[in-house]
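Undergrad: Sequence:
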Amino acid sequence: MRICFLITLISFLVPLNAQAQTLRVVALGDSLTSGYGLTKGDGFVPRLQAALKAKGHDVQIENAGVAGDTTAGGVSRLNWAIQGEPKPHLVIVALGANDLLRGISPDNTRKNLTQILQSLKDKDIKVLLVGMKSPANMIGPFRGQFDRIFPDLAKEFSVPLYPFFLKDVAMNAQLNQADGIHPNETGLDVMVKNILPFVEKSLKP
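Residue numbers (my numbering): -15 to 189.
Worth flagging that the hints you see were computed from the coordinates, not collected in a lab.
Among the clues, some could well be false.
[What the hints assert, rightly or not] Lysine-lysine pairs mimicking BS3-like chemistry, simulated, CA-CA at most 30 angstroms apart:
hint, residue 1, residue 2
1, LYS24, LYS139
2, LYS95, LYS37
3, LYS117, LYS24
4, LYS39, LYS95
5, LYS139, LYS151
6, LYS107, LYS71
7, LYS185, LYS24
[As the list claims (entries may be wrong)] Label pairs and their computed distance ranges (CB to CB):
hint, residue 1, residue 2, range
8, GLY68, MET155, 23 to 31 angstroms
9, MET122, ASP163, 14 to 22 angstroms
10, VAL174, GLY40, 19 to 27 angstroms
11, SER60, GLY25, 41 to 49 angstroms
A virtual CB, placed ideally from N, CA and C, is assigned to each residue, including glycine.
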């Protein structure tokens, strides 16, 4: 009788547990994350979510990308972006492009990203840090100082790093919108394909 009761109890608990397996992911970024210039539901986040689900991952990705946002903006809205239950399984931190475009001091960018990563570490939330690289034609110390931020912080906080968000897309007119900065639909497909293995690995327990 007792064994029958346990079997019945397990049969009820298993589907409830399975329903709880959907992983909450937050993508904290700027216009590259938010889907600037594209129709609603056709940006980086929905395409990444679709790609992950096609690979068998039960995920829900929240789009916390704000066009024009800097790392300072990311700091100010981090708690808002990750609030709620369940706690995010993973936060994709993809900020820094606007710091670069505006010539913000790399020291400030480093400080802001450090604050974001430390806050997520304190909350025991996994992170995938997405890097940004300065253009090859940029001269002076700014370029080296900026480019070192992401690998340095990935090492300091022991978090995985996807080195360059716009890998294979930057400076390619066929993969970008008319402004030459934001990826078009084809460019987004390249971005998702490139980052997908990094996200998959980050989703693992």
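Undergrad: Each hint needs a verdict: does it hold in this structure or not?
TA: Results of checking the hints against the structure:
A hinted pair counts as satisfied when its Cα atoms are at most 30 angstroms apart, and LYS24 with LYS139 does not qualify at roughly 36 angstroms. Between LYS95 and LYS37 the alpha-carbon distance is near 35 angstroms, which puts this suggested pair outside the 30 angstroms criterion. Restraint check: the Cα-Cα separation between LYS117 and LYS24 comes to about 27 angstroms, which is no more than 30 angstroms; the hinted pair holds. Of the supplied pair hints, the one linking LYS39 and LYS95 is violated, its CA atoms being roughly 36 angstroms apart against a limit of 30 angstroms.
Our distance criterion of 30 angstroms between C-alpha atoms is met by LYS139 and LYS151, whose separation comes to about 21 angstroms. As the CA atoms of LYS107 and LYS71 are separated by approximately 9 angstroms, the hinted pair is consistent with the 30 angstroms bound. Under the criterion of a C-alpha separation no larger than 30 angstroms, the hint pairing LYS185 with LYS24 is consistent with the structure, at around 28 angstroms. With their beta carbons about 38 angstroms apart, GLY68 and MET155 fall outside the hinted range of 23 to 31 angstroms.
Evaluation of the 14 to 22 angstroms hint for MET122 and ASP163 yields a pass: the beta carbon distance comes to about 19 angstroms. Our hint of 19 to 27 angstroms for VAL174 and GLY40 holds, since their Cβ atoms are close to 22 angstroms apart. Under the hint 41 to 49 angstroms, the C-beta atoms of SER60 and GLY25, about 27 angstroms apart, miss the expected range.
In the structure shown, a violation is registered for the earlier hints numbered 1, 2, 4, 8, 11, in ascending order.
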